[in-house]
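Chains as they are written, first to last, in the working numbering: chain A, 1 to 385; chain B, 1 to 373; chain C, 1 to 502.
Calculated from the structure, these hints are not laboratory results. Each residue gets a CB set at the ideal place from its N, CA and C atoms; glycine is no exception. One or more hints might be untrue.
To be verified - Simulated crosslink set (DSSO-like; lysine-lysine; CA at most 27 Å straight-line): (1) B:Lys-251 - A:Lys-359; (2) A:Lys-328 - A:Lys-359; (3) B:Lys-186 - A:Lys-358; (4) A:Lys-282 - B:Lys-43; (5) C:Lys-167 - C:Lys-137; (6) A:Lys-291 - A:Lys-216; (7) B:Lys-43 - A:Lys-281; (8) A:Lys-275 - A:Lys-354; (9) B:Lys-186 - B:Lys-251; (10) A:Lys-277 - A:Lys-324; (11) A:Lys-358 - B:Lys-251; (12) B:Lys-43 - A:Lys-277; (13) B:Lys-43 - A:Lys-359; (14) A:Lys-81 - B:Lys-122; (15) A:Lys-262 - A:Lys-245; (16) A:Lys-107 - B:Lys-190; (17) C:Lys-206 - B:Lys-8; (18) B:Lys-43 - B:Lys-190; (19) A:Lys-358 - A:Lys-106.
Stated by the list, open to error - To give an idea of the interface, some chain A residues facing chain B are shown, with a C-beta separation under 8 Å as derived from the structure: (20) Leu-10; (21) Asp-119; (22) Pro-120; (23) Gly-123; (24) Asn-176; (25) Asn-180; (26) Asp-181; (27) Arg-271; (28) Asn-345; (29) Ala-349; (30) His-350; (31) Asn-351; (32) Met-355.
As the list claims (entries may be wrong) - Residues of chain B placed beyond 10 Å of chain C at every Cβ, according to the derived structure: (33) Lys-8; (34) Val-117; (35) Val-167; (36) Leu-169; (37) Ile-224; (38) Val-242.
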Amino acid sequence: MLNRLKWIMLAAFFSCVMLISGCAEKKQLEKLGLSTAVGYDLEKENHIRGTVVIHKFDPLAKNLTEIITVEANTSKTLRQKQNLETDQKLVSGQLRCVIYSKELAKKGIVQLVDALNRDPTIGNTVYLTVTDGKASTIMNMDKENQKIDLGTYLYNLIKQNVESEQLLLPTLFEFNHRYNDHGKDPVLPILRIKNGNVILSGVALFQDDRTVAELKGDNIFYLKILSDKFKSGTHEMGFDRSRFKKLIMNQEGNAFRTVYKKLFLNIDNIRSNTKIKLVDKKNLRFKVAIKLQSRLLEATEPLDLANPANIEYIEKVVGKEMEKEIKKLLIFFQKNKVDPIGIGNEYIAHNRGKMLTKKEWRDKYKDVKFDVHVQNTIVKTGVID
Amino acid sequence: MKVNLHPKESLLFNAFQLIFIIHSVQVGVGVVGLPKIVFLETKHDAWIVVFFAGVLTSVILWFMIVMLRQYDSADFYGIHVDVFGKWLGNFLSFGYIIYLIACFFVIFMNYTEIVQVWIFPKLPTWQLAFILILLAVYAVHGGIRVIVGVSFLSVIGTLWIILVLFVPLRYADFTHIYPIMNVDIKHMLKGIQRTSLSIMGFELIMFVYPFVKEKHRALLYVQIGNLFTTFTYTLVTFISIVFFAEDGLSKVIWPVISMLKIVRLPNLERFEFIAVSFWMLVILPNLCLYLWASSKGFSRIIKRTQKMGIWIIAIVAFGASFFVKARYQMNMVTDLVAKAGFYAAFCYPVVLSIIVYLKKWLARRKKSHVKSA
Amino acid sequence: MIKWLLGKKSTEPSKAHSFIIDELKEQIKSELKVGSELTYRTLKKDKQKLVFCFMDSLVYKPGLDEFIIAPIQKNAKLEWTCEAIAQILPISDLSAVNQLDEVVTGIIEGKVYIYVEGQPYGLQADVSKTVERGIEKAETESLVYGPKIAFTESLIGNINILRHNIKDPNLCMEDLTVGTRSKSKVKLIYIKDIAAEEHVNGFREKINQLEIDHVAGATVLGQLIENNSWSVFPQLVTTELPDRVTIALMRGKVVVLMDRSPDALYGPTPFFTFFESTEDVYMRWNMGLGLRFLRLLAAFLSVLLTPAYVAVLTYEVIPSALLVSLGQSRANVPFPPVFEALLLEFFIELLREAGARLPTKVGQTMGIVGGIVIGQAAVDAGFTSNILIIIIALSALGSFTTPSYLMGTAIRMVRFPIIILAGILGGIGIMIAFCFFIIHLLKLDTMGGSYLSPVYPLRWKDLGYSFFRVPTQYLSKRPITNHPIDVQRFSAPKAKKKDVDE
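Excised from the complex, chain A in its bound form:
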């Protein structure tokens, strides 16, 4: 009996202590300003300019988002200064998107990324992006008419593109992973303003934490094939019409095909499997074997697909074309000394003994040779032949 009383006394004592000592740090949702997007620009030497989009919960205000721009030396000071300019406490738990200006990205962004990593409240799935112009212009764009806040908009924009497999995942986690791997380099999407809207215009290739090159258009598709297992995504290819002469069905009287000078095929990728293998350790020869299963979606000429031989022919031609393109791309990477595919990882995995450092790999990378094999299978041709 006494024993129980003792417990109750203890519990009472404890609750008193907790209440008196003012509990833990409290953050009430409605008193917070949730920063959903942050942008960094290089202002001048030693100075960066930070812009932040804040989501507020204020039933009276018309605009739910607020944009604040300040300058400082480190990102946390930026936050502090931004905090001075708003009535609500800024927290970054809901941060969705970080934008770096290209200028800044060319100089290196690892300090800023490190600050994101260090903060436990920031999730691992924040999207990192690079912009052509200034980050602040993107964030200040069309302030008045925004329905949802910019952070969420950008998040959805990128997410949609990632899910339809147009982009490599540009999360903070992925960036860290690639940055920290000895044989792999980060890749981030590039944002641009077009007609008052933010669009994705390409992919920035990083050497360590510095942007050194850009990829546009088709090459993003190949990059995606090379570095990921890949389940969807369409691709358009142009060929000389002469190569398909045999296949083109004779349809007399139809003149529409003269719209195009070339023959275009649109291929929808169903499944791809890429194997990069080190075949010759001494000569640094890699075999890049790509297996594609695809669907023919569209052709600008009526092709005779009922004949299996014809399909085989298309497969071969498309495969050859891809091989060429991929080889070009790989050499482009080599020239810029970037390794977004992770060829270095493959090399390190087959190299016993002491682990290669990043620098050692870069020295070796320029001597790497590739054999590219693409095996393309057209498994479906749509509902018609």
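Chains B and C: place on chain A using the hints.
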């Protein structure tokens, strides 16, 4: 002090529960940092090293059980007295009690630190420490049966976290584990030594053994428990290695929690918050068992009630929590305990069991000599 | 609690009453200060005097007239001695007594004391009547499916129902009394070759050792013989359903019925028993399983939902889509989330309590007024957020799904400290409470058995009874938790695999 301990029939628990005791007492605050610590020594072969450490543990467990089987129903304190006599034996037991209390201390302090870093930066250490100690004291007051129950429910209640660990595998890069076995013996041994903080805890079998109902089956269940732990640890380390990049893993402090940051549920974005909170359930049996074992020693050696021992130990541990202020101090204490654990849990029991075995063997020989003569 | 109620019952030496009728009357009168209720009827024959002594309110008058007084008066030849009178009275319950306290007790129980002056002892004849309500449908544990009959306040009636349910000669009913003053009759019921001796003895000892003036009912009796009375969780089940009791008896539990109490008390009852409903048994097993899980989930959510809301609002951990709507609805509310949640929980409890106190029809109106009008107004006035109203309503509903009213109330009460902890420490606070309750439940016991059984200690076979609900052919053994003597319910069907088209 009597060597053998004969608890009441109603206090005994099924040998089957040893699986949960061993597993729950091994898995604690150590495992959240395990992949990083071992990785620092052995690089990407850490998972193999962790597996070997588990195998080594199972060998040591075999030693322990063989030693315990030499007696009818003795615990560690009783064996000490039997082997070394009253004074030296009790002195050694006392040293071991201090080690147990230190483990107790390190567990709740480390958990408090994790909470402070991940959730409440401004939470005073003593507040959470106070709650955790109180919970442990409350449980230990219920005796061994309640503690066994806590470890059982803790294992059952946290099994699902293992399933969650498969989510990071989606972002894995399996080239990281190649080339396999690219580590030399020296680093490997060092790596095994570094696992001690996570794997230790199994030494508590020497304290709970008298309370096992079917003692002849203890070995089997202890090994199953350890196997399960080894499997979990190897899996966790493996996933950490393929998930993090080389330089990334050596940078993070708690790779397991960092890894869970990637998990997102539709109605719960920050999964690691839940994981950190839930980790309390993982460490609860550790706290209880260490507190129980040390207070048991207190009552066995000093011949006072165990309740008194519980309160004294709790107050001492709580008082000590005020002395650790910065992260580096905590690191120092943790390293110290980890080292002590390596000697106390891995090396010493083996030595002790050899001594016990020799002693019994000599005694038997003498007896047969007397008979034949 | 049992500890401070222990103690020996005082046994005063009783004595025989006076053999002179007038003195006897005085003696009884002074023992029983009941005024005009105490009635005497004196007959005289050849100087011999005979008295009937009874309580007016307790005796079935026509019975007394017809079966006691009439035979004595009509038999003119009758010799007025106890033996002779006993021979002719057409009364089944007749006993000879002469101790004063026995006589008095008999009169209180509604018996008639017949005494012929000068005889060494008198006769006690039972013609008592009790005021009873008829058998009605179960009110507190209402069911959709299954028998509707419920226990009443009459012990005899209740036993009658039970006896009809189980026609096993091994069905034992022991007589006990509790209450040093109220002297209520208690029946200890069990099936001799199923129920474990330790449980029967446990109940018997605990009830016998009780030294308390009055026990208000079986529920109170349950509280008195539980081992831990500080806990919010009930450790013995009380039910008003005879079929539930029957099922419990067949599983090897021990039942206590108390006179004047419409509830049966039974044990040992681990935690999960409180979430069992007889409907699970009557339903097809798969539906029963689903419903039982639904109930467990509801109880769990009921405890967890509001604290989770508080924790989430205090420390943001949810995706932005949800966060935005939460934040919007919270933006008007002037209180911190903890206070808001406590306020609304308090409001709901008020509604429930008011609804329970009022007559059914008014109660329903109360619910509508409270739930819809006040709820809506509270949101409009910016008192609480919409989402909290939903959450509170859900958790209130969840707590009402528990078949045991006691457990449902316990679940509701447990919520308050958890809400406060969640407000202080967020998720960690919830976890602290969770850990505490795990330890607490482990510490509890029900009649010496583990309270969390069959989960801890793990008993695979029993899970089919209390946690899951499996098809009956897999339940050939009685639950081991109850330590039944006769384990086998039926011989398990032989596994015989049939091929296709055989």
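Here is how each hint holds up against the structure:
1. B:Lys-251 - A:Lys-359: Holds, at about 19 Å.
2. A:Lys-328 - A:Lys-359: holds (24 Å)
3. B:Lys-186 - A:Lys-358: holds (25 Å)
4. A:Lys-282 - B:Lys-43: Holds: Lys-282 of chain A and Lys-43 of chain B sit about 24 Å apart, inside 27 Å.
5. C:Lys-167 - C:Lys-137: Status holds; Cα separation ~23 Å.
6. A:Lys-291 - A:Lys-216: With a Cα-Cα distance of about 23 Å, the restraint between Lys-291 of chain A and Lys-216 of chain A holds, given a limit of 27 Å.
7. B:Lys-43 - A:Lys-281: holds (22 Å)
8. A:Lys-275 - A:Lys-354: Status holds; Cα separation ~25 Å.
9. B:Lys-186 - B:Lys-251: Holds, at about 23 Å.
10. A:Lys-277 - A:Lys-324: Measuring from Cα to Cα gives roughly 19 Å; hence the hint holds.
11. A:Lys-358 - B:Lys-251: holds (16 Å)
12. B:Lys-43 - A:Lys-277: holds (23 Å)
13. B:Lys-43 - A:Lys-359: holds (19 Å)
14. A:Lys-81 - B:Lys-122: holds (21 Å)
15. A:Lys-262 - A:Lys-245: Between Lys-262 of chain A and Lys-245 of chain A the Cα gap is close to 12 Å, so the pair holds against 27 Å.
16. A:Lys-107 - B:Lys-190: violated (40 Å)
17. C:Lys-206 - B:Lys-8: holds (22 Å)
18. B:Lys-43 - B:Lys-190: holds (12 Å)
19. A:Lys-358 - A:Lys-106: holds (19 Å)
20. Leu-10: At 7 Å from the nearest chain B Cβ, Leu-10 of chain A passes the 8 Å test, so the hint holds.
21. Asp-119: Cβ of Asp-119 of chain A sits 10 Å from chain B, so the hint is violated.
22. Pro-120: holds (5 Å)
23. Gly-123: holds (6 Å)
24. Asn-176: holds (6 Å)
25. Asn-180: holds (3 Å)
26. Asp-181: This hint holds: Asp-181 of chain A lies near chain B, its Cβ roughly 4 Å from the closest one there, short of 8 Å.
27. Arg-271: violated (17 Å)
28. Asn-345: holds (4 Å)
29. Ala-349: holds (3 Å)
30. His-350: Status holds, d = 6 Å.
31. Asn-351: holds (7 Å)
32. Met-355: holds (7 Å)
33. Lys-8: holds (13 Å)
34. Val-117: holds (13 Å)
35. Val-167: holds (16 Å)
36. Leu-169: holds (22 Å)
37. Ile-224: Nearest chain C Cβ is 15 Å from Ile-224 of chain B, so the label holds.
38. Val-242: holds (27 Å)
Consistency with the previously given hints fails for numbers 16, 21, 27, ordered from lowest to highest.
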